[in-house]
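Trainee: Each chain, written out:
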Amino acid sequence: MPDGHMTQSPESASRRRFLQVTGGAGVGLMVGFTWTGTSRRAQAAAAAAKAFEPNAFVTVAPDNTVTVLIKHLEMGQGVFTGLTAIVAEEMDADWAQMRAEHAPANAKLYNNTAFGPIQGTGGSTSVYNSWTQLRQAGATARALLVAAAAQTWGVPASAITVSKGVVSSGTHKATFGELAATAATLPVPADVPLKDPKSFTLVGTKLPRKDSAEKTTGKAVFAIDVVQPGMLVAVVQRPPRFGATAQAIDAKAAKAVKGVVEVVQIPRGVAVLATSYWAAHQGREALKVTWDESKAERRGTEAIIADYKALLPKPGQLVTKEGDVDAVKGAKTLKAEFTFPYLAHAPMEPLTCVVKLGKDACEIWAGDQFQTIDQANAAKTAGLKPEQVTIHTVYAGGSFGRRANVESDYIVEGVSIAKALSDAKVQGGKLAGRPVKLIWSREDDIRGGRYRPLYVHGMEAKLGADGSVLAWRHRIVGQSIMAGSPFEQPGKPDATSVEGAAEIPYTIPNRLVDLHTTTSPVPVLWWRSVGSTHTAFAVETFIDELAAEARQDPVAFRRKLMEKHPRHLAVLNLAVEKADWGKPLPKGWARGVAVAESFRSVVAHVAEVSQDDKGRIKVERVVCAVDCGIAVTPDVVKAQMEGGIGFGLGAVMFGAITMTDGVVDQANFDSYRCLRIDEMPKVEVHIVPSANPPTGVGEPGVPPLGPAVANAIAALTGKRIRDLPFAGSVSV
Amino acid sequence: MPPINLTLNGKPWSVDADPDMPLLWAVREIAGKTGSKFGCGAAQCGACTMHVDGQPVRACSTPIGSIAGSKVTTIEGIEGKVAKAVQDAWVKLDVVQCGYCQSGQIMSAVALLTDNAKPTDQDIDSAMSGNLCRCSTYVRIRAAIHAAAKALEI
Numbered sequence: 001m002p003d004g005h006m007t008q009s010p011e012s013a014s015r016r017r018f019l020q021v022t023g024g025a026g027v028g029l030m031v032g033f034t035w036t037g038t039s040r041r042a043q044a045a046a047a048a049a050k051a052f053e054p055n056a057f058v059t060v061a062p063d064n065t066v067t068v069l070i071k072h073l074e075m076g077q078g079v080f081t082g083l084t085a086i087v088a089e090e091m092d093a094d095w096a097q098m099r100a101e102h103a104p105a106n107a108k109l110y111n112n113t114a115f116g117p118i119q120g121t122g123g124s125t126s127v128y129n130s131w132t133q134l135r136q137a138g139a140t141a142r143a144l145l146v147a148a149a150a151q152t153w154g155v156p157a158s159a160i161t162v163s164k165g166v167v168s169s170g171t172h173k174a175t176f177g178e179l180a181a182t183a184a185t186l187p188v189p190a191d192v193p194l195k196d197p198k199s200f201t202l203v204g205t206k207l208p209r210k211d212s213a214e215k216t217t218g219k220a221v222f223a224i225d226v227v228q229p230g231m232l233v234a235v236v237q238r239p240p241r242f243g244a245t246a247q248a249i250d251a252k253a254a255k256a257v258k259g260v261v262e263v264v265q266i267p268r269g270v271a272v273l274a275t276s277y278w279a280a281h282q283g284r285e286a287l288k289v290t291w292d293e294s295k296a297e298r299r300g301t302e303a304i305i306a307d308y309k310a311l312l313p314k315p316g317q318l319v320t321k322e323g324d325v326d327a328v329k330g331a332k333t334l335k336a337e338f339t340f341p342y343l344a345h346a347p348m349e350p351l352t353c354v355v356k357l358g359k360d361a362c363e364i365w366a367g368d369q370f371q372t373i374d375q376a377n378a379a380k381t382a383g384l385k386p387e388q389v390t391i392h393t394v395y396a397g398g399s400f401g402r403r404a405n406v407e408s409d410y411i412v413e414g415v416s417i418a419k420a421l422s423d424a425k426v427q428g429g430k431l432a433g434r435p436v437k438l439i440w441s442r443e444d445d446i447r448g449g450r451y452r453p454l455y456v457h458g459m460e461a462k463l464g465a466d467g468s469v470l471a472w473r474h475r476i477v478g479q480s481i482m483a484g485s486p487f488e489q490p491g492k493p494d495a496t497s498v499e500g501a502a503e504i505p506y507t508i509p510n511r512l513v514d515l516h517t518t519t520s521p522v523p524v525l526w527w528r529s530v531g532s533t534h535t536a537f538a539v540e541t542f543i544d545e546l547a548a549e550a551r552q553d554p555v556a557f558r559r560k561l562m563e564k565h566p567r568h569l570a571v572l573n574l575a576v577e578k579a580d581w582g583k584p585l586p587k588g589w590a591r592g593v594a595v596a597e598s599f600r601s602v603v604a605h606v607a608e609v610s611q612d613d614k615g616r617i618k619v620e621r622v623v624c625a626v627d628c629g630i631a632v633t634p635d636v637v638k639a640q641m642e643g644g645i646g647f648g649l650g651a652v653m654f655g656a657i658t659m660t661d662g663v664v665d666q667a668n669f670d671s672y673r674c675l676r677i678d679e680m681p682k683v684e685v686h687i688v689p690s691a692n693p694p695t696g697v698g699e700p701g702v703p704p705l706g707p708a709v710a711n712a713i714a715a716l717t718g719k720r721i722r723d724l725p726f727a728g729s730v731s732v
Numbered sequence: 001m002p003p004i005n006l007t008l009n010g011k012p013w014s015v016d017a018d019p020d021m022p023l024l025w026a027v028r029e030i031a032g033k034t035g036s037k038f039g040c041g042a043a044q045c046g047a048c049t050m051h052v053d054g055q056p057v058r059a060c061s062t063p064i065g066s067i068a069g070s071k072v073t074t075i076e077g078i079e080g081k082v083a084k085a086v087q088d089a090w091v092k093l094d095v096v097q098c099g100y101c102q103s104g105q106i107m108s109a110v111a112l113l114t115d116n117a118k119p120t121d122q123d124i125d126s127a128m129s130g131n132l133c134r135c136s137t138y139v140r141i142r143a144a145i146h147a148a149a150k151a152l153e154i
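In order, the protein sequence lines correspond to chains A and B. Last residue of the first sequence: number 732 in the working numbering, and the count goes up by one each step with no gaps. Last residue of the second sequence: number 154 in the working numbering, and the count goes up by one each step with no gaps.
Mixed in with the good hints, there may be bad ones.
[As the list claims (entries may be wrong)] With a straight-line cut-off of 25 Å between C-alpha atoms, the simulated SDA-like cross-links for lysine to any residue are:
#1 A:Lys682 - B:Ala117
#2 A:Lys258 - B:Lys150
#3 A:Lys682 - B:Ala68
#4 B:Lys84 - A:Lys614
#5 A:Lys618 - B:Ala83
#6 A:Lys219 - B:Thr120
#7 A:Lys614 - B:Asp125
#8 A:Lys682 - B:Lys33
#9 A:Lys682 - B:Ser129
#10 A:Lys578 - B:Pro3
#11 A:Lys430 - A:Pro187
#12 A:Lys385 - A:Pro117
[Stated by the list, open to error] With beta-carbon atoms standing in for the labels, derived distance ranges:
#13 A:Pro229 - B:Pro12: 18 to 28 Å
#14 B:Ser14 - A:Ser731: 29 to 39 Å
#15 B:Thr7 - A:Lys380: 19 to 29 Å
#16 B:Lys84 - A:Ser731: 34 to 44 Å
#17 B:Glu153 - A:Ala190: 56 to 66 Å
#18 A:Gly154 - B:Glu153: 36 to 46 Å
#19 B:Lys84 - A:Thr519: 49 to 59 Å
#20 B:Glu153 - A:Pro586: 51 to 61 Å
#21 A:Arg720 - B:Thr7: 55 to 65 Å
#22 A:Glu549 - B:Gln122: 32 to 42 Å
#23 A:Lys359 - B:Thr7: 20 to 30 Å
#24 A:Lys618 - B:Thr7: 13 to 23 Å
#25 B:Thr120 - A:Lys380: 27 to 37 Å
#26 A:Thr201 - B:Lys84: 48 to 58 Å
These aren't lab readings, by the way, just hints derived from the structure by calculation. C-beta: ideal position from N, C-alpha, C; glycine also.
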């Protein structure tokens with residue numbers, strides 16, 4: 001995800017003034033206290049229209065519920081729980097009275113302060129960028145409730161306490177709901193003190209997730225579940241090769257399918273619209289499209305890898321230079337080449353959106369990850385202004401980065417289809433305004449691109465006679481994710497290609513990192529933990545190889561090189577201690593370790609692997625240690641580590657998108673294999689106690705998993721796997 | 001074409017549909033029950049799992065015409081001791097992340113515990129390996145099934 005390279009600090013936006021909003025139906029306290037019957041969207045819109053800069057995160061209803069407006073997408077990572085906990089803590093609220101709801105798209109009110117003027121979720125920044133902002137929102141709400149109680153009861157604010165959602169002073173007691181209307185009339189304090197973290201009662205404790213109940217009863221609403229009156233279902237036939245466009249369409253047979261309503265061409269392909277998904281799907285099967293492939297990618301992945309490998313001997317764009325790698329002579333030299341395949345995100349819910357396009361307004365329902373970018377792209381496609389586009393963010397059935405792309409691919413497709421229907425030439429315009437639900441099939445998803453880019457790495461190290469690492473050269477070849485996006489830094493090496501390699505926690509006197517950025521029509525995208533998906537693998541398996549060459553224990557070897565990075569060292573030490581590093585394992589088992597920093601957090605994994613008598617490798621157990629600053633909701637942190645381990649393991653074991661003559665070989669979960677429950681190791685997660693502000697947890701569990709397993713396989717079999725996935729080298 | 005008659009969540013259900021239409025789409029788009037999810041359309045992921053006459057089936061690959069007369073139960077209609085124990089355990093252990101696969105996971109877990117009151121880890125792995133979870137909530141799925149089994153002992 002875009003991250004870390006942005007300009008604004010989390011604090012700068014959080015100093016925005018809070019203010020009050022009044023409305024005809026009653027009085028709402030802003031941070032804001034709202035009132036039953038008035039939609040928060042209308043309220044936010046009203047506030048925006050007056051060009052205020054409110055910090056509209058909290059509403060207290062007369063029924064005593066406190067709703068936190070969540071500016072980020074809940075896609076499983078737990079923001080409905082974590083962000084709500086921050087507000088609840090500063091309010092001294094009761095966890096049971098807290099609710100979470102997605103905020104509307106509004107870059108002014110709800111920007112990601114780590115991204116700049118963009119509302120979006122990614123880079124494991126949700127808690128990181130919201131921490132101070134939501135603490136202030138909660139503390140301000142609490143101060144106003146206390147002031148309301150002081151005024152009502154005629155007591156000084158200093159004589160009032162708040163605990164578990166009850167405001168009291170002597171014999172006086174009131175709930176937040178009872179005080180809301182009065183609080184709404186009071187002046188908003190400018191500087192509200194925040195709690196001393198030592199006095200936290202909710203943050204740092206196990207809090208039940210806010211979305212568990214509705215997600216275990218089938219009631220949670222995802223975009224694919226949204227129904228609008230008169231809605232049509234659309235599927236799109238996209239070109240078989242990336243970069244091709246539709247040249248000629250024969251829609252006769254498709255239109256003959258019962259339920260098919262129309263076939264329209266859009267910039268990205270040909271859409272079949274029907275009264276049901278089943279009819280649309282059958283219509284697409286009957287559709288005949290001739291493609292113009294003059295600009296298409298026709299190379300297979302083997303050819304791409306060969307092209308990339310041909311670049312390895314040549315110096316690339318300089319990323320990091322310390323000392324002089326070439327000046328080190330006479331030492332033992334080790335070399336290694338790595339290949340990393342394209343990877344699909346394959347979230348369980350395929351890409352879906354519902355679009356309702358009118359003459360001067362557009363409404364979109366989606367598990368929307370880049371709200372204001374999608375809003376702008378939808379507006380451009382529809383010929384509207386961004387403020388005429390309303391985004392209803394609903395739960396996303398996973399994403400792993402897929403739903404966040406600067407071209408808003410599936411959203412733009414949905415709007416393009418809706419716009420095509422408004423053309424008077426299409427059935428005389430009688431379909432204009434019909435809502436459209438676009439559904440990608442799994443095959444569309446696996447073959448649709450926006451993959452983790454394919455990379456080739458070349459590494460070289462020089463070892464002294466005492467086993468010290470004298471020189472380190474790391475060359476990376478692959479496509480840029482950032483190029484052409486608002487996150488691009490022109491002239492600088494592509495950050496998403498080299499993060500995790502440019503800076504490493506090991507002190508090596510002579511170090512050179514460089515990069516060849518390649519181009520291809522194959523669209524690429526950030527994929528859970530982005531650059532560290534490959535850089536951490538190369539760095540951590542190569543370090544392990546150097547330790548073996550130096551005949552040193554891989555943990556001891558790392559510790560020596562890591563002396564100047566106490567945070568990494570502490571995480572490594574916790575993981576190996578909890579994993580009983582050095583203690584014998586059953587015959588046919590071995591351990592491997594890896595540590596990596598990503599998204600401001602540090603994670604170490606110790607993996608235990610076994611090999612059965614048929615040679616099949618199984619990962620039995622993973623012990624994880626994580627330093628993510630203050631763990632706001634530790635059980636969610638643990639869940640993210642567990643999930644990151646499974647997600648990372650499936651990818652390194654068997655994840656690969658390959659192409660033959662430019663056509664993707666995989667289509668569904670049978671050919672794009674993902675981790676299943678019988679392949680999931682036992683997991684133990686240990687959190688390093690910390691008083692530092694929180695950092696990311698959604699992604700950082702992934703990077704060290706692959707190398708920890710690869711290092712364990714090497715310890716067990718002597719085989720160093722450098723071409724991913726492992727399935728190409730060993731039986732998994 | 002005559003309508004296809006079934007029972008959906010305990011109520012008679014007469015569907016006027018192409019008999020080749022998968023059960024999943026009939027339930028989602030005709031009956032309007034959207035708790036069962038579309039994940040692959042090829043019986044590869046289990047997100048669409050429903051019970052047909054008590055057995056877990058992949059509704060995305062079950063033609064509605066092939067199960068005329070059957071009793072279909074979806075996540076919206078699941079009830080009884082086992083279902084409650086499973087759903088309670090799911091909430092207690094906060095199994096879910098994105099939640100999209102969880103209706104299917106729960107339908108498979110209920111079917112497992114109905115057949116096997118005290119499953120081992122291996123039993124769970126084998127009964128649940130048809131249900132993908134890209135968030136990899138597998139550790140908690142295993143734990144929740146054990147917890148539900150324990151709750152049912154009492």
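Trainee: Please verify whether A:Lys430 and A:Pro187 have alpha carbons no more than 25 Å apart.
Mentor: This hinted pair is violated, its Cα atoms lying about 53 Å apart.
Trainee: Using the C-beta atoms of A:Gly154 and B:Glu153, is the stated range 36 to 46 Å upheld?
Mentor: Because 58 Å falls outside the window, the suggested range is violated.
Trainee: Next pair to validate is A:Lys682 with B:Ser129; report whether the Cα-Cα distance is within 25 Å.
Mentor: Between A:Lys682 and B:Ser129 the Cα gap is close to 16 Å, so the pair holds against 25 Å.
Trainee: Decide if the proposed pair is consistent with the structure: A:Lys219 and B:Thr120, CA atoms, cutoff 25 Å inclusive.
Mentor: At roughly 30 Å apart (the allowed maximum being 25 Å), B:Thr120 and A:Lys219 break the hint.
Trainee: Is B:Lys84 close enough to A:Lys614, meaning Cα to Cα at most 25 Å?
Mentor: At roughly 41 Å apart (the allowed maximum being 25 Å), A:Lys614 and B:Lys84 break the hint.
Trainee: Would you check the hint for A:Lys682 and B:Lys33, treating anything up to 25 Å between C-alpha atoms as holding?
Mentor: violated (35 Å)
Trainee: Would you say the C-beta atoms of B:Lys84 and A:Ser731 sit inside 34 to 44 Å of each other?
Mentor: holds (42 Å)
Trainee: Below or equal to 25 Å on CA atoms is what counts here, so check A:Lys682 against B:Ala117.
Mentor: holds (22 Å)
Trainee: For the pair supplied as a hint, A:Lys618 and B:Ala83, is the alpha-carbon distance within the 25 Å limit?
Mentor: Outside the cut-off at roughly 32 Å; violated.
Trainee: Assuming the hint says 29 to 39 Å, is it satisfied by the Cβ distance from B:Ser14 to A:Ser731 or not?
Mentor: violated (51 Å)
Trainee: Given a hinted range of 27 to 37 Å, is it respected by the beta-carbon distance of B:Thr120 and A:Lys380?
Mentor: Violated - the Cβ-Cβ distance for B:Thr120 and A:Lys380, about 56 Å, lies outside 27 to 37 Å.
Trainee: So if I understand the rule, the pair passes when the alpha-carbon distance is 25 Å or less; does A:Lys385 with A:Pro117 pass?
Mentor: holds (17 Å)
Violated hints for the displayed structure, listed by number in ascending order: 2, 3, 4, 5, 6, 8, 10, 11, 14, 15, 18, 20, 23, 24, 25 and 26.
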